[in-house]
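**Q** Sequence:
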Amino acid sequence: MDMWGVGLILAELCTFRPLFPGGTVLDQLSKIMDVLGTPTDDSWPKARILPNYHKVAFDSRDGMGLREVVPCLGSSDSCVLTHLVESLVAMDPEKRLTAGQCLAHPWMVH
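Here my numbering is used: the first residue of the sequence shown is 1, the next is one more, and so on.
Treat the hints with care, since some could be wrong.
[To be verified] Ranges of calculated distance between the beta carbons of each label pair, as one might list FRET restraints:
(1) LYS95 <-> GLY74: 36 to 44 Å
(2) THR98 <-> GLU12: 20 to 28 Å
(3) VAL109 <-> HIS54: 25 to 33 Å
(4) GLU68 <-> ILE9: 18 to 26 Å
(5) HIS54 <-> CYS79: 32 to 40 Å
[As the list claims (entries may be wrong)] Here are the computed lysine-lysine pairs in the DSS-like style, where the Cα-Cα straight-line distance is at most 25 Å:
(6) LYS31 <-> LYS55
(7) LYS95 <-> LYS46
(8) LYS46 <-> LYS31
(9) LYS31 <-> LYS95
Everything labelled a hint here was simulated from the structure, so no lab data went into it. Where is the CB? At the ideal position from N, CA and C, for every residue including glycine.
Can you build the whole structure from these sequences, using the hints too?
**A** Right, here's the structure in full:
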């Protein structure tokens, strides 16, 4: 299952608009990095082994964070919806929740 897509849909339900509305693939990647930051060896160690990783270079940026573009997520780290969306819209696929973890998440069972 596409857990990244599930996270996008949850975020978009809060804003009623696409989260990363890119006109092209590169534009969309840039919009993702504006929010989530440019991948680093710490944030996504295996990004460098992706087949096309070295074909394009983006300026290094920290990213503004999902809470800035999805206001309903709020500023509280304890907000269960915030945790769920941030855990699904993580660039590193190994850091994303699985479908089973998502279904067991407090926001889903509440």
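**Q** Take the hints in turn and mark each one as holding or not.
**A** Here is how each hint holds up against the structure:
1. LYS95 <-> GLY74: 36 to 44 Å: 21 Å, violated
2. THR98 <-> GLU12: 20 to 28 Å: 21 Å, holds
3. VAL109 <-> HIS54: 25 to 33 Å: For VAL109 and HIS54 the Cβ distance comes to about 42 Å; the hint is violated.
4. GLU68 <-> ILE9: 18 to 26 Å: Holds, at about 19 Å.
5. HIS54 <-> CYS79: 32 to 40 Å: The hinted range 32 to 40 Å holds for HIS54 and CYS79, with Cβ atoms some 37 Å apart.
6. LYS31 <-> LYS55: 18 Å, holds
7. LYS95 <-> LYS46: 12 Å, holds
8. LYS46 <-> LYS31: The given pair, whose Cα atoms are some 21 Å apart, holds under the 25 Å limit.
9. LYS31 <-> LYS95: Distance of about 20 Å is within 25 Å: holds.
When the structure is compared with the earlier hints, violations turn up for hints 1, 3 and for no others.
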